[in-house]
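Protein chains: 2
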Amino acid sequence: MIDILDRVRNTELHSKIVTADVAAQAIKPNMNVGISGFTPAGYPKAVPMALAKIMKETPFKINIWSGASVGDECDGELARVNGIHHRIPYQTNGDLRKGLNSGQIEYCDLHLSESAQLSRYGFLGGKVDIAIVEACAITENGDIIPTTSMGNTASYVQSADFVIVEVNTTQPLALEGMHDVYVPLDPPNRQPIPVVKVNDRIGTPYIPCGVDKIKYIVPCDIGDDVRPFKPIDEDSKKMSEHIINFFREEIKAGRLPKNLLPLQSGVGSVANAVISGFVDSDFTDLEVYTEVIQDGMLDLADAGKLKFASGTSFSPSPDGLKRLYDNIDEYRTKMMLRPQEVANSPEVARRIGIIAMNTAIEFDIYGNVNSTHIMGSKMMNGIGGSGDFARNAYLTCFFTTSTAKGGLISSIVPMVSHVDHTEHDTDIFVTEQGLADVRGLSPRERARVIIENCAHPDYKPMLLDYLERAEAATKKAHTPHIIEEALSWHDRFIKTGSMKK
Amino acid sequence: MIDILDRVRNTELHSKIVTADVAAQAIKPNMNVGISGFTPAGYPKAVPMALAKIMKETPFKINIWSGASVGDECDGELARVNGIHHRIPYQTNGDLRKGLNSGQIEYCDLHLSESAQLSRYGFLGGKVDIAIVEACAITENGDIIPTTSMGNTASYVQSADFVIVEVNTTQPLALEGMHDVYVPLDPPNRQPIPVVKVNDRIGTPYIPCGVDKIKYIVPCDIGDDVRPFKPIDEDSKKMSEHIINFFREEIKAGRLPKNLLPLQSGVGSVANAVISGFVDSDFTDLEVYTEVIQDGMLDLADAGKLKFASGTSFSPSPDGLKRLYDNIDEYRTKMMLRPQEVANSPEVARRIGIIAMNTAIEFDIYGNVNSTHIMGSKMMNGIGGSGDFARNAYLTCFFTTSTAKGGLISSIVPMVSHVDHTEHDTDIFVTEQGLADVRGLSPRERARVIIENCAHPDYKPMLLDYLERAEAATKKAHTPHIIEEALSWHDRFIKTGSMKK
Chain A
2 MIDILDRVRN TELHSKIVTA DVAAQAIKPN MNVGISGFTP AGYPKAVPMA LAKIMKETPF
62 KINIWSGASV GDECDGELAR VNGIHHRIPY QTNGDLRKGL NSGQIEYCDL HLSESAQLSR
122 YGFLGGKVDI AIVEACAITE NGDIIPTTSM GNTASYVQSA DFVIVEVNTT QPLALEGMHD
182 VYVPLDPPNR QPIPVVKVND RIGTPYIPCG VDKIKYIVPC DIGDDVRPFK PIDEDSKKMS
242 EHIINFFREE IKAGRLPKNL LPLQSGVGSV ANAVISGFVD SDFTDLEVYT EVIQDGMLDL
302 ADAGKLKFAS GTSFSPSPDG LKRLYDNIDE YRTKMMLRPQ EVANSPEVAR RIGIIAMNTA
362 IEFDIYGNVN STHIMGSKMM NGIGGSGDFA RNAYLTCFFT TSTAKGGLIS SIVPMVSHVD
422 HTEHDTDIFV TEQGLADVRG LSPRERARVI IENCAHPDYK PMLLDYLERA EAATKKAHTP
482 HIIEEALSWH DRFIKTGSMK K
Chain Z
2 MIDILDRVRN TELHSKIVTA DVAAQAIKPN MNVGISGFTP AGYPKAVPMA LAKIMKETPF
62 KINIWSGASV GDECDGELAR VNGIHHRIPY QTNGDLRKGL NSGQIEYCDL HLSESAQLSR
122 YGFLGGKVDI AIVEACAITE NGDIIPTTSM GNTASYVQSA DFVIVEVNTT QPLALEGMHD
182 VYVPLDPPNR QPIPVVKVND RIGTPYIPCG VDKIKYIVPC DIGDDVRPFK PIDEDSKKMS
242 EHIINFFREE IKAGRLPKNL LPLQSGVGSV ANAVISGFVD SDFTDLEVYT EVIQDGMLDL
302 ADAGKLKFAS GTSFSPSPDG LKRLYDNIDE YRTKMMLRPQ EVANSPEVAR RIGIIAMNTA
362 IEFDIYGNVN STHIMGSKMM NGIGGSGDFA RNAYLTCFFT TSTAKGGLIS SIVPMVSHVD
422 HTEHDTDIFV TEQGLADVRG LSPRERARVI IENCAHPDYK PMLLDYLERA EAATKKAHTP
482 HIIEEALSWH DRFIKTGSMK K
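Here the protein sequences come in this chain order: A and Z. Counting from 1 along the first sequence, just add 1 to a position and that's the residue number in my numbering. Counting from 1 along the second sequence, just add 1 to a position and that's the residue number in my numbering.
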């Protein structure tokens with residue numbers, strides 16, 4: 002209890018310290034609840050768990066608006082008691098996923114940069130009623146020092162009628178000063194977001210809140226539910242090699258500076274593996290402007306190759322989190338967390354010219370990408386920030402292994418079963434087979450480069466056969482398709498368990 | 002000849018005045034030719050026609066990079082002599098369309114805001130070799146006063162090795178001062194685009210060029226090939242009423258200011274009709290931040306309802322063009338033309354919070370939009386600026402009549418045959434039947450609102466039947482589809498000439 006009293010620096014606020022069970026009672030049916038958290042980092046734990054207990058006794062539902070996915074203590078617990086009516090903007094939890102693929106939960110899959118502004122505009126059904134926020138500490142003025150993520154927390158706190166703060170004593174106080182909090186004004190009053198370099202500081206190191214808005218303070222000692230990455234496999238190594246070779250050629254051609262441009266890389270094992278590939282490369286002074294700072298970024302920093310990394314969340318593995326905490330004074334000189342409205346800002350992404358590297362579920366021969374749906378219907382996770390970056394990047398790159406399910410699925414198909422990124426936005430495709438550079442090409446040109454360089458040998462002849470027959474059937478229309486057959490590979494998989502004939 | 006000498010204000014440059022036939026000889030096979038023009042406005046006419054004559058005798062091909070579509074004197078003439086190898090970023094010409102739907106021309110359909118930067122980055126296959134630019138006049142310093150469009154002209158002039166200027170004596174000199182020329186630096190040196198209000202002036206009234214870069218000056222007296230709009234029909238009037246009623250409700254709900262936010266409206270008759278609807282409304286002080294300024298905007302100005310309109314092109318009907326020219330001193334106080342990098346800038350669109358209103362070919366029950374392809378394969382025109390606006394707007398609205406081809410095609414389908422705007426980006430759908438507001442909804446919720454409010458009664462039961470069977474087949478997956486059947490409506494149309502069973 003001493004630690005928490007130290008962390009609540011305004012002694013007047015000490016009277017608001019309550020248990021999670023007490024605080025959770027402030028959450029009423031149908032409320033729009035804005036929570037901190039982006040990936041399993043910096044999300045509230047004690048209050049959602051206490052709320053789930055209440056809901057188990059007296060069932061009701063709330064709407065959960067977060068930064069992105071959060072840990073099982075929130076999404077899992079609340080989904081299992083059927084306590085979520087509406088969920089935005091991203092999720093990765095198994096039980097929550099079940100709920101939104103069975104008609105139990107209404108999920109609106111949003112671009113992460115837009116979710117806070119949509120909530121402020123009143124476009125999501127009312128405004129934020131209450132914010133539940135994890136903090137390292139509360140300042141003398143009642144302002145909030147965030148923990149391992151920024152997400153949409155500052156905007157939700159600004160909009161909420163009142164705020165419940167979970168002061169998490171497992172989060173090191175040394176995180177203080179690593180955040181740069183900036184919430185843009187809304188149209189017609191918005192001004193340029195003044196980030197010009199990845200390390201530009203444009204806001205405050207705390208979330209403005211104020212003593213009066215804080216309703217309850219809850220101590221919490223549960224750490225972030227971070228997950229280990231899959232070991233870096235041969236396929237990931239090959240993808241990493243392909244993209245690094247491509248960058249070398251672009252530098253030679255004068256189309257990239259020798260320390261590249263700010264890198265963005267998606268969440269998860271493949272993205273992490275690609276970034277790790279830079280550790281053994283000859284690139285130096287690398288800059289990162291991304292969502293999540295994972296182990297690969299720490300490796301880059303440790304190898305002396307990282308100039309600066311800006312993100313909205315620290316989401317490393319358990320080992321990586323320990324490494325971050327143990328060396329935080331070193332990392333804090335090279336890393337900063339921003340609200341996702343700024344980290345994922347289309348304006349900033351286009352201005353600074355990021356290199357966007359994200360994972361696809363599948364892409365098609367014409368360059369459209371599916372990042373979200375399995376066989377067109379079932380939601381996997383969500384689009385996350387990939388759209389924010391893909392459509393505004395200097396170079397937009399998508400990665401996937403050429404097959405899935407032991408070869409039964411081709412990740413390159415005649416037509417994707419769901420489109421998250423259109424042909425207008427994609428530049429570079431990478432599989433373990435190779436890299437396709439489709440910049441400036443017409444659809445029929447793109448198809449040949451993608452099939453030749455990215456498809457698995459088992460599927461290459463089938464894809465070429467489709468393309469040639471579609472060209473014949475449409476007399477070489479701009480984007481030749483045999484509509485009857487365009488989704489037949491998915492249909493075959495659904496019916497037979499394999500895309501192979 | 003007196004007029005052209007007056008318009009070329011640096012007398013040294015008078016020696017560079019030649020005929021179009023002479024100037025056209027500077028254009029060599031495989032050159033990347035950057036041209037002025039955006040819609041049939043402000044594009045070169047004499048030199049492309051002379052070039053087509055040369056190509057007819059000695060066939061060769063060039064690559065044409067424009068602002069958007071241009072008139073028949075350029076796209077039509079060059080397509081008919083098979084003189085175009087590669088074409089970006091947009092087109093509307095019948096003969097050119099035939100070429101790119103028959104394997105004759107490689108067309109890369111680009112977001113209009115991106116085309117200039119992609120050419121500067123070297124991503125389209127080299128840089129601009131030569132620019133051909135229509136001008137009102139050339140200044141004492143050899144800088145260029147554009148005519149009825151800005152497009153990508155300033156960027157192409159900046160990148161080109163040399164420039165051919167067509168001084169068009171049909172274009173009134175009073176256009177001088179209506180342009181605001183600004184070309185951003187490229188990453189890593191780009192700065193914020195400082196437009197905060199629609200009438201902010203951030204650049205110069207001329208295109209920087211310089212005496213030395215001008216190779217030839219060609220007199221031209223052919224006017225812009227502007228086209229009449231279709232008469233405003235009952236369906237368009239209904240769509241206009243639906244959106245205006247919606248705006249009224251949004252103002253009441255506090256989600257829009259009473260003079261709305263800056264309006265963007267697409268190219269063509271439907272968009273023009275929607276804007277015309279505002280003339281008889283009670284809205285005042287309207288602002289416009291868009292691509293093309295058409296007759297509807299002139300009507301708004303004449304009705305005293307327009308505060309300011311920023312665009313990249315004047316593209317009215319023949320009558321509208323006469324009206325513009327006759328009253329240009331009045332209109333110049335309320336209108337400005339910007340480069341399309343600024344007019345269509347994602348950064349500016351999101352900052353000022355535009356209301357984006359564009360036309361769809363078809364949309365699906367889950368909110369995905371096809372703006373470009375007929376039955377999945379054949380290119381109609383291109384995405385144009387619709388993506389620049391749709392993905393960054395405060396409100397993203399798409400318009401189409403609920404059926405086409407006399408009812409044989411439903412514009413609302415189970416799954417679109419091509420995706421240009423994803424479910425993540427669309428807010429409002431309007432047909433003559435009604436308006437669907439899908440903000441914040443899950444896909445299954447969206448489907449019901451779209452079918453109920455927008456579909457034609459002939460197709461409503463078929464769409465509902467599909468939705469219900471897809472929900473059953475997938476046990477209410479997030480986005481229920483029967484993959485085998487998702488494109489069957491298009492397939493049926495291709496085979497039977499009707500989407501009806």
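These are calculated hints, taken from the structure and not from any lab test. Please note: incorrect hints may appear among the correct ones.
Pairwise CB distance ranges, derived in the manner of DEER restraints [claimed, not checked]:
1. Z:459 <-> A:246: 41 to 51 Å
2. A:242 <-> Z:187: 52 to 62 Å
3. A:408 <-> Z:127: 32 to 42 Å
4. A:303 <-> Z:202: 25 to 35 Å
5. A:31 <-> Z:253: 53 to 63 Å
6. A:16 <-> Z:187: 30 to 40 Å
7. A:162 <-> Z:250: 17 to 27 Å
From the three backbone atoms N, C-alpha and C, an ideal C-beta is built for every residue, glycine too.
Each hint, compared with the structure:
1. One distance hint, 41 to 51 Å for the beta-carbon pair residue 459 of chain Z and residue 246 of chain A, is violated here, with the actual separation near 56 Å.
2. Between residue 242 of chain A and residue 187 of chain Z the beta carbons are some 28 Å apart, a value that contradicts the proposed interval 52 to 62 Å.
3. Checked against the hint of 32 to 42 Å, the pair residue 408 of chain A and residue 127 of chain Z passes, with Cβ atoms roughly 40 Å apart.
4. At about 49 Å, the CB distance of residue 303 of chain A to residue 202 of chain Z disagrees with the hint of 25 to 35 Å.
5. Our hint of 53 to 63 Å for residue 31 of chain A and residue 253 of chain Z is violated, since their Cβ atoms are close to 23 Å apart.
6. With their beta carbons about 56 Å apart, residue 16 of chain A and residue 187 of chain Z fall outside the hinted range of 30 to 40 Å.
7. Roughly 25 Å separates the CB atoms of residue 162 of chain A and residue 250 of chain Z, a value that falls within the hinted 17 to 27 Å.
Violated hints, listed in ascending order, are 1, 2, 4, 5 and 6; each of the other numbered hints is respected by the structure.
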